[in-house]
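Student: First to last, the sequence lines map onto chains B and F. Sequential numbering of the first sequence, starting at 129, is according to the working numbering. Sequential numbering of the second sequence, starting at 269, is according to the working numbering.
Keep in mind that the hints were calculated from the coordinates and are not lab data. Positions of the beta carbon are idealized from the N, C-alpha and C atoms, including for glycine. Check the hints yourself; a few may be wrong.
[Claimed, not checked] Derived SDA-like pairs: lysine to any residue, alpha-carbon spacing no greater than 20 Å straight-line:
| id | chain 1 | residue 1 | chain 2 | residue 2 |
| --- | --- | --- | --- | --- |
| 1 | F | Lys328 | B | Gly237 |
| 2 | B | Lys414 | B | Lys539 |
| 3 | B | Lys384 | F | Lys291 |
| 4 | F | Lys328 | B | Ile499 |
| 5 | B | Lys303 | F | Leu280 |
| 6 | F | Lys328 | B | Gln445 |
| 7 | F | Lys291 | B | His498 |
| 8 | F | Lys291 | B | Ile298 |
| 9 | B | Lys384 | F | Val286 |
| 10 | F | Lys328 | B | Glu495 |
| 11 | F | Lys328 | B | Val193 |
| 12 | B | Lys150 | F | Lys328 |
| 13 | F | Lys328 | B | Ala309 |
| 14 | F | Lys328 | B | Phe395 |
| 15 | B | Lys384 | F | Glu287 |
| 16 | B | Lys278 | B | His154 |
| 17 | F | Lys291 | B | Glu495 |
| 18 | B | Lys524 | B | Asn500 |
| 19 | F | Lys328 | B | Lys278 |
| 20 | F | Lys291 | B | His154 |
| 21 | B | Lys303 | B | Lys278 |
| 22 | B | Lys575 | B | Gln445 |
| 23 | B | Lys539 | B | Pro520 |
| 24 | B | Lys150 | F | Val326 |
| 25 | B | Lys414 | F | Val286 |
| 26 | B | Lys150 | F | Thr290 |
| 27 | F | Lys328 | B | Lys384 |
| 28 | F | Lys291 | B | Thr153 |
[To be verified] Okay, the calculated bits of chain B under chain F, using three or more residues with CB under 8 Å as the criterion:
| id | region |
| --- | --- |
| 29 | 176–185 |
| 30 | 203–211 |
| 31 | 228–237 |
| 32 | 294–303 |
| 33 | 348–360 |
| 34 | 480–492 |
| 35 | 514–522 |
Residues per chain, in single letters:
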Amino acid sequence: MNPIWINIAYLVASVLFIRGIKGLTHPRTAVRGNMESAIAMLLAVSVTVPQIVGNGLEIVIAGLVAGGLVGLFLSRWVEMTEMPQLVAVFNGFGGAASVLVGGVTLMGGSSSLVGVQELIAISASAVIGGITLLGSLVAFAKLQEIKGFKNPFALPGQRAINALMFIGAIVLAIKVVQNPADPMAFWALAGLASILGITLVMPIGGADMPVVVALLNSYSGLAAAATGFVLNNTVLIISGSLVGASGLILTNIMCKAMNRSLVNVLFGKIDASAAGATADEVYEGKIKSTSAAEVAMLLEDAERVCIVPGYGMAVAQAQHAVRDFFNLMEDRGATVEFAIHPVAGRMPGHMNVLLAEVDIPYDRLVEMDHINPSLETVDVAIVLGANDVVNPDARKQDSPIAGMPIIDVDKCRTVVVIKRSLSPGFAGIPNPLFALDNSLMFFGDGKKAIQDLVTEIKDL
Amino acid sequence: MELVLLLTIFVLAIFVGVEIITKVPPTLHTPLMSGSNAISGITLVGAIVSAGLVSTTVTKVLCFLAVALAMINVVGGYLVTHRMLSMFRKKD
């Protein structure tokens, strides 16, 4: 095929990718958008395959079949609650592919084909791809709560070590450019970047994972764009930078929702020992424990009910019970809404996906900024597995989470907090919400608590 | 192709990306991530192009892995996004 036609096909694919993402701006057009994006991919791949000369074709077909089957299997078999892990793993695979393409080009390309620009791009894809690969796998291990990865872990002098590794990476990148005939420098660079991926993600805690997953998503796009610079390929550059932009925007939204800078999320930690009362001072004598029967009575005449879901809902797999509760209350004439904090869960939009899975209409999933002004008119708010995002201390100057936007459930007429115990959330600080006059603690497993509640309401 | 030309495309595409993606509502942030993740599987095209360069066994294995990993990203990413988005559509 004439190269002009290939490039025109790539242009069409790029436009379809952009339209595809544009489709995601509304739930109604989103499915079509995703399909346009998939068609774009199919188009880009189908015009590329016939370009292969020699015996590469068999390898490509074998790779397409193997990867296609694994991808098909993963997408069918993974539970919705495990979506953050799956996205993390996919990010890692994208990063790995970029490293490998760089390696193949370096080892197989003739020197006339690989100039300085390509060599710099090859080094960049080794660095970004390497960080993405192992960074994503560590993120996966943390999200999966695998032992040894779950808790944040940093070596003493971690920052200095990271800085040294970064300098080492630059030195190796210069070596790659100077002496492309020897691929060892390239693999050393990719290896070092991978280790950097581990040491960068290891110190980050579970609740900061939405930021990390979004950032790695951005990296996987930038790695693809770097590969585009290696191969002088426009469709790679365009789609890679779209993904890079998408990840950066999400990262930014997540950081804002925690009132923390990206640097603070990546390298800092919340200092829970800062000013603030101890758990005993906050809770002593003020905690009112409640039961399913009592909450059911509260709900009997409630007109407006608001549920604040958090990661605890995903852990307890409580979403199906929540749906039963939602349907029951709606049938009784109440309005039930969900107040969703941007960082609730382990990835951007995590709660929305879980609730959509159980058929909660998406117009009932209300963003924090939209629901906060009207919370005074909510009769009963149910906090289900959320903690720091409803901590009124965030309004105080001296709190470790000062300035973090929260869902103002304390303004609701009654707040019911479903929680196993009074243990603190990720920030490690007590939550005065639990001790408020209008708060009731409903201790127990999220799923069972909601199920009991449904049973009690039916008996009213 | 000229480096400056490629850089121009890169920078403009980032701006296009920022413009559209800021309009994606939080409800769809997870599908946006998995969908854009599938798009980043475009490295697949790069992996296929690199197949024209393989000669030794090592490069053949690397190329196979690159194609397979990128293909997992593409197929898995699109299908899982579709699965999620279908849940959002049901209520229309």
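Student: If a hint holds in the structure, say so; if it does not, say that too.
Tutor: Against the structure, the hints:
1. At roughly 13 Å between alpha-carbon atoms, Lys328 of chain F and Gly237 of chain B fall within 20 Å of each other, so this suggested pair holds.
2. Restraint check for Lys414 of chain B and Lys539 of chain B: satisfied, since their Cα atoms lie roughly 18 Å apart, inside the 20 Å limit.
3. Restraint check: the Cα-Cα separation between Lys384 of chain B and Lys291 of chain F comes to about 17 Å, which is no more than 20 Å; the hinted pair holds.
4. Between Lys328 of chain F and Ile499 of chain B the CA atoms are separated by roughly 56 Å; this puts the pair beyond 20 Å, and the hint is violated.
5. Distance hint between Lys303 of chain B and Leu280 of chain F is unfulfilled; the C-alpha atoms sit about 31 Å from each other, more than 20 Å.
6. Under the criterion of a C-alpha separation no larger than 20 Å, the hint pairing Lys328 of chain F with Gln445 of chain B is inconsistent with the structure, at around 44 Å.
7. For the proposed pair Lys291 of chain F and His498 of chain B, the alpha carbon gap of about 16 Å is at most 20 Å, so the pair holds.
8. Restraint check for Lys291 of chain F and Ile298 of chain B: the C-alpha separation of about 37 Å exceeds 20 Å, so the hint is violated.
9. Distance check on the hinted pair: Lys384 of chain B and Val286 of chain F sit about 17 Å apart at the alpha-carbon level, within 20 Å; holds.
10. The straight-line distance between the Cα atoms of Lys328 of chain F and Glu495 of chain B is roughly 50 Å, outside the 20 Å bound, and the hint therefore fails.
11. Our distance criterion of 20 Å between C-alpha atoms is met by Lys328 of chain F and Val193 of chain B, whose separation comes to about 16 Å.
12. Of the supplied pair hints, the one linking Lys150 of chain B and Lys328 of chain F is violated, its CA atoms being roughly 38 Å apart against a limit of 20 Å.
13. Between Lys328 of chain F and Ala309 of chain B the alpha-carbon distance is near 18 Å, which keeps this suggested pair within the 20 Å criterion.
14. Annotation: proposed proximity of Lys328 of chain F to Phe395 of chain B is violated, straight-line Cα distance about 39 Å (limit 20 Å).
15. Under the criterion of a C-alpha separation no larger than 20 Å, the hint pairing Lys384 of chain B with Glu287 of chain F is consistent with the structure, at around 18 Å.
16. In summary, the hint linking Lys278 of chain B to His154 of chain B is not supported, as the alpha carbons are separated by about 35 Å, beyond the 20 Å threshold.
17. Between Lys291 of chain F and Glu495 of chain B the CA atoms are separated by roughly 14 Å; this keeps the pair inside 20 Å, and the hint holds.
18. Restraint check for Lys524 of chain B and Asn500 of chain B: satisfied, since their Cα atoms lie roughly 18 Å apart, inside the 20 Å limit.
19. With a C-alpha separation of about 37 Å, the suggested pairing of Lys328 of chain F with Lys278 of chain B is violated against the 20 Å cut-off.
20. At most 20 Å may separate the alpha-carbon atoms for a hinted pair to count; Lys291 of chain F and His154 of chain B meet this at roughly 9 Å.
21. At roughly 37 Å between alpha-carbon atoms, Lys303 of chain B and Lys278 of chain B are farther apart than 20 Å, so this suggested pair is violated.
22. Pair hint Lys575 of chain B plus Gln445 of chain B holds up; C-alpha atoms about 6 Å apart against a cutoff of 20 Å.
23. For a cut-off of 20 Å, the pair hint linking Lys539 of chain B to Pro520 of chain B stands: about 10 Å separates their Cα positions.
24. For the suggested pair Lys150 of chain B and Val326 of chain F, the alpha carbons sit about 41 Å apart, so the restraint of at most 20 Å is broken.
25. Distance hint between Lys414 of chain B and Val286 of chain F is unfulfilled; the C-alpha atoms sit about 48 Å from each other, more than 20 Å.
26. A C-alpha spacing of about 10 Å is found between Lys150 of chain B and Thr290 of chain F, which places the hinted pair at or below 20 Å, so the restraint holds.
27. A threshold of 20 Å between alpha carbons decides the hint, and for Lys328 of chain F with Lys384 of chain B the separation of about 45 Å lies outside it, so the pair is violated.
28. Distance hint between Lys291 of chain F and Thr153 of chain B is fulfilled; the C-alpha atoms sit about 6 Å from each other, no more than 20 Å.
29. Only residues whose C-beta sits within less than 8 Å of a C-beta in chain F count toward coverage, and the region 176–185 of chain B has 9 of them, enough to reach three; the restraint holds.
30. With a threshold of 8 Å between beta carbons, the proposed coverage of the region 203–211 of chain B by chain F holds, since 5 of its residues qualify and at least three are required.
31. Figure legend: the region 228–237 of chain B, annotated as covered by chain F; annotation consistent (8 residues with Cβ-Cβ distances under 8 Å, at least 3 required).
32. As drawn, the region 294–303 of chain B meets chain F at 0 residues by the rule of a beta-carbon pair under 8 Å; below three, the given contact is violated.
33. With 11 residues having a Cβ less than 8 Å from any Cβ of chain F, the region 348–360 of chain B passes the three-residue criterion, so the hint holds.
34. Chain F is given as covering the region 480–492 of chain B, and this holds because 7 residues of the stretch bring a CB closer than 8 Å to a CB of that chain, at least three being needed.
35. Counting residues of the region 514–522 of chain B whose beta-carbon sits less than 8 Å from any beta-carbon of chain F gives 0, not enough to reach three: the coverage restraint is violated.
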